[in-house]
Amino acid sequence: MNKITALAVLTFKEGIRDRALAGIFIIALIMLFATILFTGLFGHELGKVLVDLNLSTIAFAGLLLTFFVNINLMAKDIDKRTIYCVLSKPISRTQYILGKYLGLMLIVFVALFFLLVFSAGIMYFVKSLYANIYFKDFSWSCYFQAYLYEMLMFAVLNSVVIFFSSISSSSFLTLLFSLATYITGQTIEEVMEFFKKETLGKQMSEMNQWIVDIAQYVFPNFSAFDIKTLASHGKLMPFSHTAALLSYSVVYTILLLFLASLIFNKREIN
Amino acid sequence: MEVIFNKVNKTFISSFTRKKVRAVADLNLSVKTGEILGIVGPNGAGKSTLLKMLMGFIRHDSGTIFIGEKSPSDPEARLQIGYLPENPYYYDHLSAEDLMVFSATTSGMAKQDIKHRIDTLLKTMNLEHARKRRLRTYSKGMMQRAGICFALVHDPDLIIFDEPMSGLDPLGRKLVVDMVLDLKNKGKTILFCSHILNDVERLCDRMAIMDKGYLKKILSRKELMAKLDVQMAKADGIETNILEKIFLDTIGREADYE
Chain A
1 MNKITALAVL
11 TFKEGIRDRA
21 LAGIFIIALI
31 MLFATILFTG
41 LFGHELGKVL
51 VDLNLSTIAF
61 AGLLLTFFVN
71 INLMAKDIDK
81 RTIYCVLSKP
91 ISRTQYILGK
101 YLGLMLIVFV
111 ALFFLLVFSA
121 GIMYFVKSLY
131 ANIYFKDFSW
141 SCYFQAYLYE
151 MLMFAVLNSV
161 VIFFSSISSS
171 SFLTLLFSLA
181 TYITGQTIEE
191 VMEFFKKETL
201 GKQMSEMNQW
211 IVDIAQYVFP
221 NFSAFDIKTL
231 ASHGKLMPFS
241 HTAALLSYSV
251 VYTILLLFLA
261 SLIFNKREIN
Chain B
1001 MEVIFNKVNK
1011 TFISSFTRKK
1021 VRAVADLNLS
1031 VKTGEILGIV
1041 GPNGAGKSTL
1051 LKMLMGFIRH
1061 DSGTIFIGEK
1071 SPSDPEARLQ
1081 IGYLPENPYY
1091 YDHLSAEDLM
1101 VFSATTSGMA
1111 KQDIKHRIDT
1121 LLKTMNLEHA
1131 RKRRLRTYSK
1141 GMMQRAGICF
1151 ALVHDPDLII
1161 FDEPMSGLDP
1171 LGRKLVVDMV
1181 LDLKNKGKTI
1191 LFCSHILNDV
1201 ERLCDRMAIM
1211 DKGYLKKILS
1221 RKELMAKLDV
1231 QMAKADGIET
1241 NILEKIFLDT
1251 IGREADYE
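These protein sequences, in sequence, are chains A and B.
Residue numbering for the first sequence is 1 to 270, as defined by the numbering used here.
Residue numbering for the second sequence is 1001 to 1258, as defined by the numbering used here.
Simulated from the structure, these hints should not be mistaken for lab results.
Every residue, glycine too, gets a C-beta built ideally from N, C-alpha and C.
Be aware that a few hints might be false.
Unchecked claim - Computed list of lysine-lysine pairs in DSBU-like fashion (alpha-carbon distance at most 30 Å, straight line):
hint : chain 1 : residue 1 : chain 2 : residue 2
1    : B       : K1123     : A       : K80
2    : A       : K13       : B       : K1140
3    : A       : K80       : B       : K1132
4    : A       : K266      : B       : K1007
5    : A       : K76       : B       : K1132
6    : B       : K1115     : B       : K1132
7    : B       : K1245     : B       : K1227
8    : B       : K1032     : B       : K1070
9    : A       : K76       : B       : K1140
10   : A       : K76       : B       : K1032
11   : B       : K1140     : A       : K80
12   : B       : K1019     : A       : K80
13   : A       : K76       : B       : K1019
14   : B       : K1070     : A       : K266
15   : B       : K1115     : A       : K13
Stated by the list, open to error - What follows is a set of in silico ranges between Cβ atoms, one per label pair, in the way DEER data are often shown:
hint : chain 1 : residue 1 : chain 2 : residue 2 : range
16   : A       : F172      : B       : I1004     : 40 to 48 Å
17   : B       : T1064     : A       : E190      : 51 to 59 Å
18   : B       : R1133     : A       : L179      : 33 to 41 Å
19   : A       : F172      : B       : D1119     : 36 to 44 Å
20   : B       : N1006     : A       : N265      : 55 to 63 Å
Using the sequences and the hints, build the whole thing.
Here it is as structure tokens:
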């Protein structure tokens, strides 16, 4: 565990000092501050818009972090052979995968936690500017729950990044595969709905059924983690839903890290 | 700590053309405890492949490799190894101190010993002034010295250096030479690859010459000195670089240079 923690800290330090992270953080802060100006334009919906914009900004910053900082951190290890310095220590390939994953998650967690604190401050400030009537659906619990769901989504997404990094030696391919998985995961539910509507009363072709079934099982359902709209309407998800989604994320993450570790154990670092 | 290569083979297969390239062929070699073994050879001779197999970065196709009593696939085998890769590249935004703390922690050093060891080593390698600076600001020579600090911080028994003198200025080279001799005095086993024949000649107890994946010749310092005497006599007192001559004779001189 000591070795995994040491590698996680090393990865975190390298990532947190990256200028790209500072850039993403500044953009996210500007977007959060901009909500103060924009929300006034939405009349009686301003409470809902404020919650939606703030949560979207945090999610956007998390995606940029994952796709640009974290993928780069993983791929650079192989590209520039910094991995030699890690694997020359008594660290197994599995410990490497786990240490890297924890480091990447620590970067996302710390960066998004600070954004959450800023966004909460901004919401508190905006709430004080306008009458309570605009915030009748507002609930801090819903807001924090939506943030928690976003964090769970990033836990899965970063395990996807680790998985593709273990296969590919190019950061571009890892980015391409991870992005494709994210987009598929976000839209898979809609595609399913579409197929169901299209084939209403008719039998879905065996091939289509087969493709949809496979895609549904293989790709993580990222849209299930998106409860921003519900949070903006003050709808709190039941505990059973949160527990189910937590289990789903944990199982999916463990499975992907396990596969990544299996592949990485076979890989030659040349 | 003893290292043994027994009938080791390694072939690389290109992923697209499936073309096979033999990197190491039927290699038998041992490094005894407390010995300095230098491996020389032209580019593509298989020197770095040999060290990467020893480190477990790549797997040998057949034969056996032992580090003490352990196999390179066992991470614990690396507990007592200090490794400096060829053209070392470390994390841009970390400092030499961050790297050394990582190296010491993962190698199981006691927390209270780490700081003192880092201070001593940075002072020896003349990097104390830059200990907190990010590695991206280091010159090539400083990076090489930081790599040596990273490799040696946990005081390993077996030291593996891939081109340790590469990119070092004369002062840096002297620092490394002194350090290698000091390590030898402490009874450490050292295995290193180099293109700089003078360094190999000066530091090693035995020299291995590799070419096209094959181990062509192993010479002890005694054998080299004996040849040197004969050569000196022949040359009427003028000293010649005898290892260079043996090296060129062994690999087939410049005519084969690709």
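Okay, the hints, checked on the actual structure:
{"no.": "1", "hint": "K1123/B / K80/A", "verdict": "holds, 28 Å"}
{"no.": "2", "hint": "K13/A / K1140/B", "verdict": "holds, 22 Å"}
{"no.": "3", "hint": "K80/A / K1132/B", "verdict": "holds, 22 Å"}
{"no.": "4", "hint": "K266/A / K1007/B", "verdict": "holds, 22 Å"}
{"no.": "5", "hint": "K76/A / K1132/B", "verdict": "holds, 22 Å"}
{"no.": "6", "hint": "K1115/B / K1132/B", "verdict": "holds, 13 Å"}
{"no.": "7", "hint": "K1245/B / K1227/B", "verdict": "holds, 11 Å"}
{"no.": "8", "hint": "K1032/B / K1070/B", "verdict": "holds, 15 Å"}
{"no.": "9", "hint": "K76/A / K1140/B", "verdict": "holds, 19 Å"}
{"no.": "10", "hint": "K76/A / K1032/B", "verdict": "violated, 36 Å"}
{"no.": "11", "hint": "K1140/B / K80/A", "verdict": "holds, 15 Å"}
{"no.": "12", "hint": "K1019/B / K80/A", "verdict": "holds, 25 Å"}
{"no.": "13", "hint": "K76/A / K1019/B", "verdict": "holds, 27 Å"}
{"no.": "14", "hint": "K1070/B / K266/A", "verdict": "holds, 19 Å"}
{"no.": "15", "hint": "K1115/B / K13/A", "verdict": "holds, 19 Å"}
{"no.": "16", "hint": "F172/A / I1004/B: 40 to 48 Å", "verdict": "holds, 42 Å"}
{"no.": "17", "hint": "T1064/B / E190/A: 51 to 59 Å", "verdict": "holds, 56 Å"}
{"no.": "18", "hint": "R1133/B / L179/A: 33 to 41 Å", "verdict": "holds, 35 Å"}
{"no.": "19", "hint": "F172/A / D1119/B: 36 to 44 Å", "verdict": "holds, 42 Å"}
{"no.": "20", "hint": "N1006/B / N265/A: 55 to 63 Å", "verdict": "violated, 24 Å"}
Comparing the model with each earlier hint shows violations of hints 10 and 20; every other hint is respected.
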